[in-house]
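Asks: So the protein sequences, as listed, match chains A and B.
To convert, note that position 77 of the first sequence is 77 in my numbering; the numbers rise steadily by one, no gaps.
Start counting at 1 in the second sequence, then tack on 1000, and there's your number in my numbering.
Simulated from the structure, these hints should not be mistaken for lab results.
There may be inaccurate statements among the hints.
Unchecked claim - Here's a subset of chain B near chain A, in silico, CB distances under 8 angstroms, partners left out: (1) Ala1101; (2) Ala1105; (3) Gln1106; (4) Glu1110; (5) Thr1143; (6) Leu1147; (7) Trp1154; (8) Arg1158.
To be verified - A few chain B residues facing chain A, derived, Cβ under 7 angstroms: (9) Asp1103; (10) Val1107; (11) Leu1112; (12) Pro1115; (13) Asp1116; (14) Leu1117; (15) Glu1119; (16) Arg1122; (17) Ala1146; (18) Ile1152; (19) Ala1155.
The model shown is predicted, which means the values in this text are computed figures rather than measured ones.
No residue lacks a Cβ here, since even glycine has one placed at the ideal position from N, Cα and C.
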Amino acid sequence: MIQRTVTVRNEAGLHARPSSALVREAAKFESEFTIEFMGYHVNGKSILGIMTLAAECGAQLTLILDGPDEKQAADHLQALFENKFNLDEP
Amino acid sequence: MKKPASGSPGTIPHPPDTQSSGRDLQTPVNRSQAIWLKGIPASSGLYKGALYLLERPEVVVPVDPISSESVEEEVQRLREVLRVFTARLEDIAEKQDHPAAQDLAQVQLEILHDPDLRETIRTFVHDDHLPGDQAVIKAFNKTIRALQARNIAWATERAVDIANLRDQCIQLYRQSEQPAPIPKGSVVFAEELSMGEVLQYGREHISALLLRKGGLTSHAIIAAQAMGIPTVAGFGFSGNAFQNGQEIWVDGSTGDVVLNPTSSTDQQMAARLTQQQEVESKNELDASKPSQTACGKPFILRANIEIEAELEKLQKSKAQGVGLLRTETMLMDPKLRHPQQQLSFYRAVLKASAPHGATIRLFDAGGDKIIPGSPTELNPFLGWRGVRLLLDERHLLQNQMEALLRLSIEFPGQVRLLVPMVSEPSELRRIQQIRLEITDRLREEGIDPDPTLHIGAMIEVPSAALLTESMGAYVDFYSIGTNDLIQYTLAADRGNAQVAHLFDSHHPAVWQLIHLAVRGAYQARKPISVCGEMASHPVFAAAFLGLGIRELSMPPTMIANVKSLLIQGSMDQFEELAQGILQRPDVEQVREFTSQWSLKYGFQ
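Build out the structure end to end from the sequences listed, making use of the hints.
Replies: The following block contains the structure:
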């Protein structure tokens, strides 16, 4: 099991579009993916779960990955947060 | 034509042809005699065919657990519903050119694929034995509540979108029920039907219709009229006396229903058919005459339309376009909520209405009708409906307004937009504000909506009738909705048998309010029309002209009747009628005066 701490860099927070991008990428990996935020744990492959966190810009989340490809998944998903989910936002 | 003899209610019929108007015809039927029964005429036409009794298990709305045997079937059905829905969304997503719209469609697809959501739904069905629609509502609502609790603008907006997805899902689920197989050419006898069912079976299967319930404004009847299905409503006989396959005549123009017709019944009906065809050809002749009074004053008669199938009647009645397009039916069909789907419906209506144009009323529905699971209101008529609901449920309003603004380019000067249930001028100001916002957004896309698109207010709440003039600051026209105006003015619900008699269009207060609204409109220099049921009553239509109203809208089948009076009379006569009504102090005197007026000038 791997844990990584990431920061939401998107100005509008982890709203619908970044959440959508996140689950799409997460689905590419076999490992189980949980996100922890302020004591809440949600399934990182569930867009509704992620959206209900309503994490704002600057929020620190913990990504928890568990499975055969956990290392690649963690690297890939962490980079996604760094790159603001490759969304060019106003 | 021989008139059938009348019998006492519910008794054994007497030979040769007898009539009964009882509510409980339970007696065994004598095979050799025709039995005349009576209901309320609802959609004209004559038809003889084999009876089909459409009995259905009662629809249970409260949460009743499903049996363990049907759990797997229910899970399968839900899986299929979600598959169909996904395919539909993928289709919509593909058609989006705008990246933002593509993203939105993508988000919706992700939500449908959400593993947690699917598992929650499955668990509700599998473990808690909830019926599929209840499982969907509960699973979605969990997320919706969580998002709403976050108190962040985007989360609240998403909650609205997710609620919309939920509603579409439920609609699809409910549509996935298998319809009963009705043989072709049947005379269907049912408690009541939905509009969807009438449209789905069509005239081929439902060749005539008997409804135990169903007010004349029920959607099933509107659909039956549009499709030319002879219909008798309020046919309260118990089904026990009837048998599947029995021969039966239905006369939708008179409300006559004849069981076990004999050869003499058949002859009689054939004579009626000829007579009805003669009336029809006279109506067609009147329809082609110019719309002006005997003294040469022009007036405009438009049609009230609700579904695409009615457009054929629009041409036939020679209506000058559509004076009221009811759009809330589309809300019952979730795929039509999308702007693209709405567009094609509106386009068909506007094409058929050209060059006169169409007055399109924004969705006029109550909360529980379009948002399943919304709290039941103690007093829905005084509740969350019309413009009140639209200003809260912005996605509905925006989608509809966007569709109409886009269309205004194709049909310049022909799109009129009508706001329902206005009770306060500021509601109209907010509607105009939203129109500006959408116009600006469309301009950024390079689309320039027609700046002359007219927005009008429904005058159906007494407060609106009293404030007609001040509303002129925000609208280009007014339209009086008489049904609601009567019910709100007289505080009487027509559907409530205890007080239905108080609902009376002869009431002086109703006429005073209409008069006030007309004067207000005149002060504001904006036109005013009537699109309510009173307009289809020829004598009232004449009184409206006498009050200074120039435009009336009514069901297309009523136009010929109204027109035939209006072209015979003169403005002097109509003004005498209007002034006379306004001077009468009570219901009975108004009623008496109007019938004397008709007699005096020989109008029936």
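Asks: Hint by hint, which ones does this structure get wrong, listed from lowest number up?
Replies: Result: hints 1, 2, 11, 15 and 16 break, sorted rising.
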